[in-house]
Amino acid sequence: MSEREERRFVEIPRESVRLMAESTGLELSDEVAALLAEDVCYRLREATQNSSQFMKHTKRRKLTVEDFNRALRWSSVEAVCGYGSQEALPLRLAREGELYFPEDREVNLVELALATNIPKGCAETAVRVHVSYLDGKGNLAPQGSVPSAVSSLTDDLLKYYQQVTRAVLGDDPQLMKIALQDLQTNSKIAALLPYFVYVVSGVKSVSHDLEQLHRLLQVARSLVRNPHLCLGPYVRSLVGSVLYCVLEPLAASINPLNDHWTLRDGAALLLSHIFWTHGDLVSGLYQQILLSLQKVLADPVRPLCSHYGAVVGLHALGWKVRTLAFPHRQSHKSSLVGWDAGAAVRAGPVPSCCPSESVNRVRPGGRRSRSGFSGRSSASQPFPRRKDESSGVTDSTRHSPAWWLRLYNLSLVLQQNSIQALPSSFKSVVTSSARK
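Numbering-wise, the sequence shown is residues 1 to 436 according to full-length UniProt numbering.
Since the hints were made in silico from the structure, they are not lab data.
Everything numeric in this text was worked out from a predicted model, so none of it was measured.
Each hint should be verified, as a subset may be incorrect.
Derived pair list, reagent style BS3-like, types lysine-lysine, alpha-carbon separation capped at 30 Å [claimed, not checked]: (1) K177 - K188; (2) K204 - K295; (3) K204 - K159; (4) K177 - K159; (5) K204 - K188.
Using C-beta positions, here's what the derived DEER-type ranges look like [what the hints assert, rightly or not]: (6) C81 - T58: 56 to 62 Å; (7) V32 - E96: 21 to 27 Å; (8) A126 - V32: 51 to 57 Å; (9) N108 - T58: 36 to 42 Å; (10) V77 - L26: 50 to 56 Å.
All C-beta atoms, glycine included, are put in the ideal place defined by N, C-alpha and C.
Please model the entire structure based on the sequences and the hints provided.
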């Protein structure tokens, strides 16, 4: 019974081992050849058993060369190369002895060189670069993507997210101020960044409510000013939401009593802050912003509020960017008809929209801006904001977009041409607004 079990396995004869050794220039004795034959048989059975496991895992019944090579790699042995062809390998018998060897087919190099079916060469070696910004965990999602669910958040983060959103969109201004301050300084909310960006993108659904728009812009401002957050993949989404508040004709702008001009001022300053602090994280952001502003400024069909937002946006990005408004000044020529330059001189300078620290600006009626992004206060202006009884220019006239566009248009013309023929007081107004 034991003899039959031993004879079940195929053994490599010692003569084969001796012939293989002689082919490499070695001579083996019978005892050494017998020991090597026994060890070779054991190693082959082990490799065959492992290769059959790979075959079963792939649900096949045919053992392939790749299965055997995987078994060899599993045992830290070099794979056998040159036997992976689908065609059978022809073997020839040597006349000198009982030895089989693979037959090498002769190749005509002339025919191969003149053949028309030239094989395709391999592609050139190239390097692909993918930048992934870590926001609490590995993030391989495309830029600007928003999460689909909050199931990946912990209970503490989910509770924090709910409390902050309720505080920002609630009725308690003191609680909203605390929540915004925490968003600006908290270093442990990196995992919540895409969710807050998604909340800011809701400006399109609340365009009828100026109060909600102001609060969403405050959330975006807090996220941008947080030094512990990496806004790389979310800069485009934030810029799109801010540009919507700057350029689009909001539903709240239908009512002339709604002060949507202050909202556009604050959004323009926030856009400038994002551009100068995070513009290097996104390629093409400069061209995207300028193209959006120029497209609105060159479209005469757009309403006045959209043109006002485009001009304010260009003004906030700096004087070099504002020179792009030169080709479009003719589109505002109709607003210059019947305009009294002396009234504009007595009215005061162009409202400042240059990027600066947050200072509350006095709005008409003694109220302060809710946006928190607006420019310098009235005390820093060269001319006091008061009613001029002789010209009829009031603070409301000075804040009107038509007045702003007229004076801004004239300042562009004066920068391009000469201002020598104007009064000295008006020269100081134009030059000071240009420097700012």
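Hint check against the structure, violated hint numbers in rising order: 6, 10
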